[in-house]
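Asker: What follows is the residue order along each chain.
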Amino acid sequence: MQRMSERSYSENRGQRYGTILVVEDEKQMLHLLQKVLSRHGWQVLGASDGEQAIEVYHNEKLRIDVVLLDVGLPKVAGLQVLSKIKAENPDVRVVIASGYLEPKTKTKMLDAGVEHFVTKPYVLDEVIQTIQSLIENNRVTAEDL
Amino acid sequence: MGDGDTEISSVRVVGIGASAGGIDALREFFEATPADTGLAFVVIQHLDPNQPSHMADLLSRYTGMKVAAVEHSQKVRADHVYTIPPNKFIFLKEGKLHPTEAVKRDGLKMPIDFFLRSLAEEQRENAIAVLFSGSGSDGTLGIREIRGLAGLVIVQDPKTAQFDSMIEHALATGMVDYALPVRQIPGSILQYVGQHSTAQSSRPDSEVTQDGITVILDLLASQTKSDFRCYKPTTIHRRIQRRMGLNGINDIADYYRFLSEHPDEVAKLSKDMLIGVTSFFRDPEAFEELRDKVIAPLVQQKHNSDPLRTWVAGCATGEEAYSIAILLREEMARARKSFKLQVFASDIDPEALKGAREGIFPESIAADLSEERLTRFFIRQDDTYRVDKQVREAITFAPHNVLLDPPFFNMELISCRNLLIYIEPEVQKKVLDRFAFALRPGGYLFLGKSENPMEQSDVFEPIAKSSRIFRRNPSASVPIGGFAPRAQAPAVFPASPERPRPIKLSDLNQQVLLKHFNASIVLVDEHGEIRHFYGPTHRYLSHSFGDASLSLFEMADSRHSPRLRVALERAARENATVRLEVLKFSRDDATGSVNVTVMPIMERNSGTRLFAVIFEDTGAPVRGAPASTQETELHHDTLVARLEAENEALKEEIQETIDGFQTTHEEFTAANEEVLAINEELQSTNEELVSSKEELQSVNEELITTNNLLNDKIEELGKINDDLANFLNSSEVGTIFLDRKFCIRRFTPSAAQFMSVLSLDVGRPVSHFSNKFIDTDLVAIADRVLKTLIPVEKEVHTSDGLWYMMRCLPYRSLKDVIDGVVFTFTDVTRLKRSEEAMQEASDYAKNIIHTTREALVVLDPELKIVSANRAFYETFRVAPEDTENRLIYDLGNRQWDIPELRELLEEILPTNSVVQDFEVKHDFPSIGSKVMCLNARRVYSRERKEIRLILLAITDITERRRIEQRHEFSHELEQKGSEGTGELKPAQSDLLQDVKQRIKLEDQLRQAQKMESMGNLASGIAHDLNNILNIIQNYTSVLEHGDDSEQIQESVTAITETTKRGAALVQQLLTLARKTETKLESINANDLIQELSRLLKETFPRNIELVLDLDPSLPPVMADSNQITQVLLNLCVNARDAMPDGGKLTLKTGVVAGKNLEEYLESEGYVSITVTDTGLGMDENLQSRIFEPFFTTKGIGQGTGLGLAVVYGIVRSHDGFIHVESKPMHGTTFRLYFPVASAEK
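Each protein sequence line maps, in turn, to chains A and B.
For the first sequence, my numbering gives the first residue as 1, with consecutive numbering after it.
For the second sequence, my numbering gives the first residue as 1, with consecutive numbering after it.
Calculated directly from the structure, the hints in this document are not laboratory data.
C-beta: ideal position from N, C-alpha, C; glycine also.
Do not rely on the hints blindly, as some may be mistaken.
[Said to hold, decoys possible] Every beta carbon over 10 Å from chain B, so not counted as near; a handful from chain A, in silico:
1) 110
2) 112
3) 129
[Claimed, not checked] Stretches of chain A that chain B covers, calculated by requiring three or more beta carbons in the stretch to come under 8 Å of a beta carbon on chain B:
4) 17 to 30
5) 76 to 84
6) 95 to 102
7) 117 to 126
Take these sequences, add in the hints, and give me the full structure.
Answerer: Below you can see the structure in the form of structure tokens.
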């Protein structure tokens, strides 16, 4: 685990392509994520509540590749944010990050087509890899076409 | 018909009087009358005044003429029949029939007299009256008037009449022309009318007529004692015409022959001539004036010793004489005088006088006499009236001809009415001269209406011109005498016109010569002036001494002059040759006798009349021989003879002088007559004008009065109308008046609020207008009211939500006739609203009372139960019917007769309006021992003057007290237990155990529920903890790989803070979950809320915004803080669950006064805690069940449903309240109220 993260820090250093929207209400955590992911080479946009998340996505949806979405959010809950951005772009790629997901909520998210979940407390590398794979998948898909 | 006679141009009217039994006669009459007679018929009957008459209908079956009742004034038309309406009289005036009010005298009505009199006056000689079957004497006076003015009177033959008394009375007057069977009457009328009009067409002044009249009058004069030659020719002509008409004779010459052959016709004509119109007090005004101006003064002046002498000339049947005698007697009685009355009543008609003397009159005179006079001066005899004996004896009736007989003398009053109008003016003058002679100086003359002593104005001065009363001027000289001897009645000479003309004398002479030669002839004019001498006239004529004269009478022998004069005058008068035989002449010594012939020479060219006086010598007397011998033989005889002759001659001369004088007089009087006639006409015209003017003035005055009255009425009406309009408008009651056809007659402006009517819509049907009323058919209602006359009252509402009290009443006019309906609409919206509000409030109050779990009783001031709620009946197991209206102490076998209750109600409550928490413990036989908390309150009337009701709330706190006691008990037990339980009995120990067990269970339940609430927080806690861990973990990994000190410092700080946060969360959970002892203490709710909110912030979803609105000056409450926190936590968890998509949760604190919560919580303050969410909310059904145990909206396994039941239990055990307010989709608010901790506690 430590190795992986070490490797990832070393391998992934440098310029990469892609823009990530990070939605996280814990300020300290959001700060850390922005720092780590941008150092990884991605463009990082942040939102600390549901309302902000919807607004940012609406404005930047053309360049946002992946959304990292916390579930327990002030103002607008994660599930609602998910349905909003899905409505804007059905092909949006979302990674749900949550400390506790009630089974009902999880079912709804699966129904909405979310495939990637990370559970708090998570390891940052896991998050980065998930995002990485989503961006690359996307690219492969594009090339295949 | 007539040519130029204006009276004839109007329709001739036949007045028909009929009474009992008259219908048959009328039917017969009209069946026999053709429909085109040109006459009008007026039927006068005695009708029942109270029954409508069907006469017009009845008659129209029998005649082709139009039949009409005279209900109003109308012009008389030919070929019409008019009937009298019941209870009315009718009269004819100026060609029109007028109805008038019936006049009743002495209980009798005389409509026939009334009408016939008007008919006589209007149509005079053209009037025709017919009387049919009937009883009584009505009509008698009427026909007398008709006949008096030369009209025609026909009666039904009394033998054919069912009732003949009316006819017999008429016949008794002698005024009836015909008495015929009914069928013959129309024919005789028509014949008469036909003849009459032909006769009338003959001119009265034509020569033939004149001659005829003269011979007829001569005949009358010779065969009867009456001489009418002094009567006016027009009067005479009219009367003769009438007789001619009656006898069917056209030509006056024929009539003369008829007269000569029928002596009875002479008598009839004579009688006709004498008929005058008379009645009692004819012209009552004139008689009044006579009384005031003549009789009263005369009576006043009279001494009792002197008789009062009065002469009534031409008294006819005596009415006038009796009238005057009555007046005199009345005035005598008034003046209390008793002198002798001498009334001379004269007339030339002995028959009339006979009747007058009798003094018997028909009952119909009642119309002319006042009741007073009737009773005082008349005696009723069957159906007649007889003049009182005293009055009769005062009057001397005597036959007397004013024209011929010497007059009475020394009279104080002469009454001669309507006589002069019939006679010629110059005779009038003569009569007046006689009256002047007969009157004492200063005596009075009372004449008829249209009579006037014009020429004697110096002798008679008027004292009352209108009624023709004159006074003989005492200073004027009166011609004495002037009475012609009876045999020498003055004859009427038509004045012949004379005009001098040039004459050819020689021609005349030649004529004479042809007849007489050898004769002495002189031609003289009518005055005896000699114009021409022929032959040896000197033998007979000589010049006398003195002035030269050519007068025959002077030139002739003076002995013969008178005879010559007479002869000449006779020749002149008679226009015939007059012969004087054997006149002796002596010339010188020679004497001779001569025959003198005076021959009028009739001029061919109507020139000057001349007379030839022819003297013929008689050598030997042819016839008068003996005389001549006697003369020579006997001087004495001769002298006597001469004197006689002279006397004879003188007589003749006097006669001739008189005749000549009279001739001249005739001429003057003829002229005078004309002037008088004209004057008379002018006067009557003037009088008519004056009376018309008076009438007009009085009519005008009446009109002015009527007009004023009307104006007043109009003004009054206007005011009333204004008042009414203002009243209607001010009442603001919408009012609509409808007529019988439901057209709008009137409405008030307020009506426009619900109906679109304008003032110009008056008269339009109400159904044309829309109104705002819902389900109200005005026309149907109006129709019903009009049919049933039962008013309708109904509350109606309009489409704009207003309510009106509608009333519909029949509209009654002044005469109580239903003439439509009246709608009124009173706005009762406010009333209606307040009624509804009251009803609502009442329902509300009732519902509250019945819903509340506390037993409530309402008492009246006498402590009788007015009502009680369900809780009361249930709790104390009594029935409403055994409770209401009974004294509270008497309830259920006096089980409420509790001393403490009495104390409360009778001692404490009267001095305090409110009593709270008064505890009473009582053993009820039915339900056992109870501890009750009583709250009582007096309810005052609005003015707070008297107690209206007493409210008594009874709370059963038996259980609460028991639990509290157990608490205390167990506490005690524990204490005692710790001290040692040895002294306790085992049973007590069991009981203690049981109680302890129950209390423990309750606490456990509460604790379990608290755990459940915390379990509800679990997911939040998990989420939060994982977040905390996530931060710690990732910063830790930063530390691991960290190379820059700043990063390390930041990570350490983050990890430290987050760790603290986790520890705090755990501490809060522990605090909450800790099972603590129940402990009441003074706490501040704000502190509890702030502490709880920290936990909620961590554990509630982030999309739920938590808002605190805390009152900083919140007073403390006595509470168990652990239990209060549990309450709040439960409510917040419920709020969270109600907001799955986030929202706002508000916790608010404050202070409220107790009375704002419940009315009886008067003085205490309460702390309020409000928990408000913006979630799903609840409907009413849900709200009512939320405090039930085990009720939940959550799925199975998600909750026990005990949360709110626990909340309720905790709040109530703190003497608090909980209210809930919710609205689906808007959110829910729970309000908690806890009593403020009092300072002492």
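Asker: Take the hints in turn and mark each one as holding or not.
Answerer: Do the hints match the structure? See the list:
With a minimum CB-CB distance of about 18 Å to chain B, residue 110(A) clears the 10 Å threshold, and the non-interface call stands. With 10 Å as the threshold on Cβ separation, the claim that residue 112(A) sits away from chain B holds: the shortest Cβ distance comes to roughly 16 Å. Under the 10 Å C-beta cut-off, the non-interface status given to residue 129(A) relative to chain B holds; the minimum distance is some 15 Å. Under a criterion of three residues with beta carbons nearer than 8 Å to beta carbons of chain B, the stated coverage of the segment 17 to 30 of chain A is upheld, 4 such residues being counted.
Given as covered by chain B, the segment 76 to 84 of chain A passes the check, having 3 residues with a CB less than 8 Å from a CB of that chain where 3 are the minimum. With 4 residues carrying a beta carbon less than 8 Å from a beta carbon of chain B, the segment 95 to 102 of chain A meets the three-residue requirement, and the given coverage holds. Counting residues of the segment 117 to 126 of chain A whose CB falls under 8 Å from any CB of chain B gives 6; the rule of at least 3 is met.
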